[in-house]
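A.B. asks: Given chain C, work out where chain B should sit, using these hints.
Each chain, written out:
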Amino acid sequence: MIQLPSNDFPVTLAFPPQGHWTQPHLALPCLKAWLQASGYGDVQQMDLSVEAFDHFLTAESLTRAAAKVQQRLPLARFDGDRLPLGQMRAWRAAAESAASARSIIGRVESAKAILRGQDHPLDSDRGFWDPDRYVPAVRTLYHGLRLVSAAHYPSELTPHNFTMSYSNDSSEDVLAATLDEQQNPFIEFYREQVMPRLLERKPRLLGLSVLYGSQLIPALTLARMVKAALPDCHITMGGGFLAYIGDKVMSAPGMAECFDSMVFHEGERPLLMLCEALRLGEPLHDVGSLAWWDRADPEHPVSVKNMAAHPIKLDDAPAPDLDGLPMDKYFSPQVVIPYDVNRGCYYGECTFCTLPTVIGPGYRTRSSETIARHVVELRDRYESTHFNFITDCMPPGMIKELPEQLIEAEAGITWWADARIEPKAYDAEGARRLYEAGCRKLLFGFESATKRILKMMMKGQSLKSVVEVARNCTDANISVTFYAMVGFPTETREEARATLKFIEEHADIIREVSLQTFHIDEVAKTYKQPEQFGIRVLDAPGDLALYHDYEADVGMTQEEAAEMFEEMMASFRRNLAIFSGDNIFYFMQKSHYFLHLAAGETPQGFSGRCADRTSARAEREADPELTVSEGLVTVPLGFSHSDAVRTLGDPLARAARPDFLTGRYVRDADRVAEETLPPLDPKQRFLLYDPENGEFVELRDGGVRVLAALREHGTLGALVAAQVRAGASPAAIDRLEQFAAELHRLGVLRAAASTSPSTPVLASARG
Amino acid sequence: MNQNKDQRDDVENEEASEESGDTSLAAGGEALDLEGLDLTVETVEERISPSETNVFDK
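If you read the protein sequences in the order shown, they are chains C and B.
Numbering-wise (my numbering), the first sequence opens with residue 5 and increments by one.
Numbering-wise (my numbering), the second sequence opens with residue 4 and increments by one.
In isolation and in its complexed conformation, chain B is listed as follows:
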C-alpha cells in the first residue's frame, strides 16, 4: 500500500470538499448566509510542561 498516496488522498479529498457544493455559492456572487453560519474559531494554547520551563535542565 502506498501510504503517501493515502495521505495525498486525504488532503485532496478535503480540497475537493471545499470546492464543491455549498462552498462555491459565494464564489458565484450569491450571498453567504453570514448570520446563519457557524463561524466559531477554536484554538488551543499548548500547555507548557515543567520540563519545558526548566532551562537549567533541558
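Here chain C stands alone, though its shape is the one from the complex:
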C-alpha cells in the first residue's frame, strides 16, 4: 500500500445540495475511509447540502431573501382584476413572505437550536422532545426555505427537494440553470461560502456525490465554478442518480466544460484508481468504471467509457469515516450514524425495483462480526449510540446472527433499517432478540394488498406473512413502517383502495406508510418489457430523460394514480396517528421519530400520544382566558390565499411543476392547467401568520374586526362581557365563541397557560 505525505495529493469529496438534513449521508464517509486506508491521508469531505440549509436559514440570509422578494415579487404587482394560474404561485410566495418574513427572521436561530438539541443544556428539557416547541420550530424552518425559494422564484427549495423552472430532462436546461444567478440560489452560496475554502485548499481531485435528481443542477453549478477557478483540479462525479443517466450526461454537449469524469456504481475502487492515475500522471484508460473526456484535442473533448471495475469485497472495507462532516449542523439533537451492513439485494426479484442498477451488480455483505466491531468503533469515535443501517434488506441469516453479535459486543446501540418480509426470521423470538440488540424501527417493502399485483411485482410474500411479521415486531416494541406503491401497471382504483383498507385495518401494527406513486425509468423491467405489464411506454423528450409516461388499457392512468395518492394520503392523515395533524412532521424528518423510540418511547405510546395531541387540539373550546397570539401578523390581500393554495394543489397545476420524484415536467401540463383552472377573482382577504405556531390562517374582514376587538379587550371573556353589556344576543355570543374556538384550535388564540405547555405529551417517556 502506498503511504503519501498528507499534503501530497489533497482530495475533496463533496455532497452537493439537496439531500435530507437530519443526518449524514453514507457515500462520502465510505469513500474517505477507503482512500485513507489505501494511503491517501488528505481527504476532506464536505456536506454542502446541510451547510447550505444552515447558511440559508440564518437571520442574515433570510433578511437578504426578504429584500429580494420585495424586489422581485412585490405584492402590489398583483393588484389586477384577476389572478391567473401563471401568476398564482408567485403571488402566494409574495403574500406568505409579506406575512411571515419578519417573524421567521426573528425565530430562525432558535428553531435550529431546538431541532439540534442546542436550546437547553439538560436533554430532558430540550424542545426537540416537546411537540409544542418541536413542531413550530420545524414549521419555521420550512417557511424559511419558502422565503429563500421566493427570493429565487420560481425555484423551490424544501427540506425534501430542489426544483427549478429548468428541466432535469434536458442538458441545455440543466446547463443554463447552472448560470442563472436569479433562480439558482447555490451560485451565491458557493461563491461566498465554498469557493474561498476550495481556492485555499486547491484539491487535486474533487469528487461530487449525486444520489438524487435534486442534486444534478447544484452539483454541475459547483463543478462549473471550480473548473473555472481551479483548472488543474480534476472533477469527477458519481452516485446513484448518475448510475441512471450518466451515459446520457457524458454524451450531452457542454458537459465537458463542467467536469472531467464520472464514476459509475460503487465508487471505492474506481476513485482510488483515479487518484493513482492522476497522481502518477498516467492516462485514465485503465481506471475501472470510469467515463471521462479525452481532451487530447482541447476544443473537442471525446467521451470515453472504460471497463467496469470489480466490486470490492465489502467485508474488507473499513468502517465509514465521518471525520470532517459538520456534525453540529445536522438538524437532529443526536447524530444518527449511517452504516452499510450490505450492498445489493439478496432477493433481487421485484420487478419494479431498479436499485441493483444503481448499486451495481451482485449482493455483498459484511459479516455480523465485522458489523458489531465497526459499530462499537463508530459509537466510541462519534459518541453516538444511534445508527441507521443502510441496506435494502437483511437476509434471514443476518437477522438471526447480527443481534447475537451486537449483544455479545455490548454495543448498547439503537438502530433502524429497511427490511424484507421474512416470516421465519422475524418470528416472535427473532423480533424480541432484534429489540434486545437495539432495533427500534423496521421499514418493510409491502407495496400492495392485492395478490395479483404482488404476483406481477414478484414480491414473493403473502399477506398472511406480512401481518405475522408486523405483529411480531410490534409485540417486540419495534415500530413498523410499510412502503406502499400506488399506480403499478394495471392496478385499478379498487385494488389501490384495498391496499388502503388493509393498512388502515392494521393500524395497530403499521405505524407509518411511505407511499409512492409508480414511475417508469429506463432501467426498469417495466420499461424493457412493457408488454408483460400491459402498458405502452411513450417516448420522452429531452436528451437526459430518464422517466417515461406510459399508457395502459387496464387500470389507472398516471393521472388517476396521482389522484389516488392524494386520496390515500388524506385517509392516512385521518387514520394513522403519526400522520394526523402536525404530528406528520415527525414522520417527514428522517430519524426524528426513531430518536423518540431510541429514547425509550414505545411505538404504541408514541402513536397514542400523537392521537391524544390531535384530539386535544380538536377539542379546544372558547376558553374565556383566550388572548390573541403574541406577534400575530395580519396582511390584507386582494385574492384568497386558500383559493390559490387549493388551485395550486390541483393535480393539473402540480403537473406544471417538476415532478416531486423525477424532477421532470409533464408535457403541455402548463397549457392544459391554464386552460382548465380558472383564474381567481379579487376578494378582500386577510392572511394571518402566527409565529408561535408557524401557521397561516385566512380571515375575512369580519374576522379581523373581531380579532382587533379581542386584542383591545385583552381576553375573550372580557370581549364577551362587553358584547353582552352592549346588548348582543345569545346567538351572537355563541357565534363569537365558535369563531374563537376555531381560532384556538388553529393556535391564533391562546389560553394564557398554553404559552408554557403543561403537558409535553411526547416527552413523557423521557421522565
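Derived from the structure by calculation, the hints contain no laboratory data.
Here are the computed distance ranges between Cβ atoms for each label pair:
| no. | chain 1 | residue 1 | chain 2 | residue 2 | range |
| --- | --- | --- | --- | --- | --- |
| 1 | C | Gly635 | B | Thr43 | 18 to 26 Å |
| 2 | C | Thr361 | B | Thr43 | 48 to 56 Å |
| 3 | C | Lys505 | B | Thr43 | 32 to 40 Å |
| 4 | C | Glu185 | B | Thr43 | 37 to 45 Å |
| 5 | C | Ala511 | B | Thr43 | 32 to 40 Å |
| 6 | C | Ala756 | B | Thr43 | 25 to 33 Å |
| 7 | B | Thr43 | C | Pro88 | 18 to 26 Å |
| 8 | B | Asp36 | C | Arg578 | 33 to 41 Å |
| 9 | B | Asp36 | C | Asp479 | 56 to 64 Å |
| 10 | B | Thr43 | C | Arg577 | 21 to 29 Å |
Lysine to any residue pairs mimicking SDA-like chemistry, simulated, CA-CA at most 25 Å apart:
| no. | chain 1 | residue 1 | chain 2 | residue 2 |
| --- | --- | --- | --- | --- |
| 11 | C | Lys687 | B | Glu45 |
| 12 | C | Lys687 | B | Gly39 |
| 13 | C | Lys206 | C | Pro302 |
| 14 | C | Lys687 | B | Leu42 |
Some but not every residue of chain C turned toward chain B, in silico, with C-beta under 10 Å:
| no. | residue |
| --- | --- |
| 15 | Ser644 |
| 16 | Ser646 |
| 17 | Ala648 |
| 18 | Glu702 |
| 19 | Arg704 |
| 20 | Asp705 |
| 21 | Val710 |
| 22 | Ala713 |
| 23 | Ser733 |
| 24 | Ala736 |
| 25 | Asp738 |
| 26 | Glu746 |
For glycine and all other residues, C-beta sits at the position ideal for the given N, C-alpha and C.
C.D. replies: Positioned in the frame of chain C, the structure of chain B alone reads:
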C-alpha cells in the same frame, strides 16, 4: 430602494388598518354586529408529496 422598509410598510399598513375605522368600534364598548360579520376561517392543509413521505429516500 430599501426593500426591508417596503416590507415594514406592508406590515405597518395592515397594523394601521386594524386600528382604524370600524375595527375600533368594539374597543369603544359598542356591540360588534356579530350576526352580520363574516367570520369564515380558512386554512389549507399542506399537501404531502410523495418525496416527503419517502423516508428511505429523502
